[in-house]
Amino acid sequence: MSSASPAKPPVPLRHRRYKTVLACATCRRRKVKCDGLRPAAASPQLPTPVTPAQTHSWQSDVVETFSANTPGISGEFSYAVKAAVNARLGLPSSKKRCPILLTDAPLFGLLSLPGVTDLGINPMDNVLPPRKHADRLVSLYWQCLDPLEPLLDQRSFGAAYQALFDGSEMQCDEHFFLCTLNIVFALSTQLEESTPSEQRNTASKTFFLRAWHLLRPEVILWQAGSLETVQCLLLMSRYLQCTTNLQQTWMALGSAVRIALSIGLDRSEKNMFGSDRENQLARDVWQQCVFMDRSLSWSLGRRSTVPSVPFLSFDPVRNGNDLPGSDGEADAPVSRITQELNQITGYIGLAQALTDRIPAVRQDLRLPTQTEPSALMQIDECLSGLENRLPPAPYNTASGESANPFDGRLILLRLRLVHTRIVFLRPVIARLCLSHGQTQKVPPPAETSIGDHVLEACATLCVENAQKLIMLVQECSRPDRTGLIPWWYRVFYLYIAMQHLIAAMLRPDLFGTLVPKSWNTAVSVFSAHEHLSLSVRRCLNKLQMMWQRVIDIHSPPTHEAPPSSMDYNTGLQDIFGYLGFDAQMPLFGLDDSAWLDNVDWTTWSS
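Taking our numbering, the leading residue of the sequence shown gets 1, the next gets one more, and so forth.
FYI, nobody ran anything at the bench for these hints, they're computed from the structure.
One thing to keep in mind: the hints can contain errors.
DMTMM-like, lysine to aspartate or glutamate: derived pairs with alpha carbons at most 25 Å apart [what the hints assert, rightly or not]:
hint	residue 1	residue 2
1	Lys132	Glu193
2	Lys468	Glu530
3	Lys132	Glu174
When you get a sec, could you build the whole thing from the sequences and use the hints?
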């Protein structure tokens, strides 16, 4: 076909402006001008022959894959992919981004928040649902959500809840309690998977908007901070993460962290002036502040609001609010392991997102930006040690037996452990995929180096953990266990795993026999969640489209002519675009905040 004939790339009519958001990774580090299209943008990614005079050994080569200066992480990967692919095509990169699950994808449907001028006092905001329905929603929260992410004290909440329906005086601020209660109703409504999605989203949105009106976010910033305010904002952030309101999510969570710092929640370990219950609640709330802030910062490619604040030591038993049906001996290891995992995850994020100057103090853990491979092995050993210390997996629950919330907390911990290992190892996948796409015309070396074998082994381990993630989600998606993990978490982890399987299939020579079976399992489990949200169906369609495009590129029909070099590169560009690389979506690493200046905030179209 004529379009396949070689042709000079189109020349832009005018020279592109030198803006930070357009610059390639190398020029950004060197602080030199760059428009993202110059040859310098791609040249650092091309392999160069190794000479005896070079000082980088295979050890440092492996370590640099995990460091903050490698294209696979900390925003470098997105710019490197754009520079490498677009430099070969001579085309500018698109700045249109894709919604991210648990960040701004509308899993809970579209939610239009009122402006400041519309936030008048509405008597309907104080209307409560029927007592029986309210009791069910509150019970769902304590059974399914609080054990996973403790934010509220069940005893004080129950007393205020009873006083509200009895019409008696409360021991807490009624205004904040009504706000918190409505957010609990909103989240619990989404847990009712048997309810049609449209009906569920409408009811949930009604409760959330009541809480939004009651909280008045533009007012609380000027009031004295309190623990109740932080709890409301954290719960509100949890809901907003499943809507398209990205800016409100970021601001609500940031406000919660700032208020928590202002009232000293980060120092609650040292300043224990209240009861054991109050001190433990303060620690729980602060831990959620740190975890949620770092998770959202990773998704958006921004620096965490609290990067330098150390995690607190964790009290093994949550005094006065133990998980139902769990004993202290079983709950304590999960609590401690959760605390240590959060800390290790924070170190990995700091190493990938920030600099190598931040010390790691716990367990003498070194950040993976040092020049010794032992630092990488030490982090992997820590993760393996945490996994080995976990209680036995609760996979033998008899059908019909009521699910223990402790089981849900244990399963979520296993999911987070596997996810953390994927986050730690995915720069290798990024490097292998990017290198494979850029070196099609470069003859393979006569012999592979030790470093290549190490990278391939790490990439294989990353793929195996993606497969394990699929198995865990499949297990907790059984009809008798669906209440253990909220469906939006199950969808999120499935999506993460499937993305890595697609990326792995860009190297069928390495993963061609390892991935397809797991992919079919993931598609089957994902399809079982389609009825929960329209976004789930759209997400699955896009994933299947990406998968098929990868298969078509590497396995063209036999009766057709082989694809030309231009067709091959265009296909790779489309795949990276679908994966979100070209749209600045941080699939394989953390993105730089500069892209937020050019975000397309339009609704996710099908």
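Now the hints, each set against the structure:
no.: 1; hint: Lys132 to Glu193; in the structure: holds, 19 Å
no.: 2; hint: Lys468 to Glu530; in the structure: holds, 22 Å
no.: 3; hint: Lys132 to Glu174; in the structure: holds, 21 Å
Taken one by one, the earlier hints all hold for this structure without exception.
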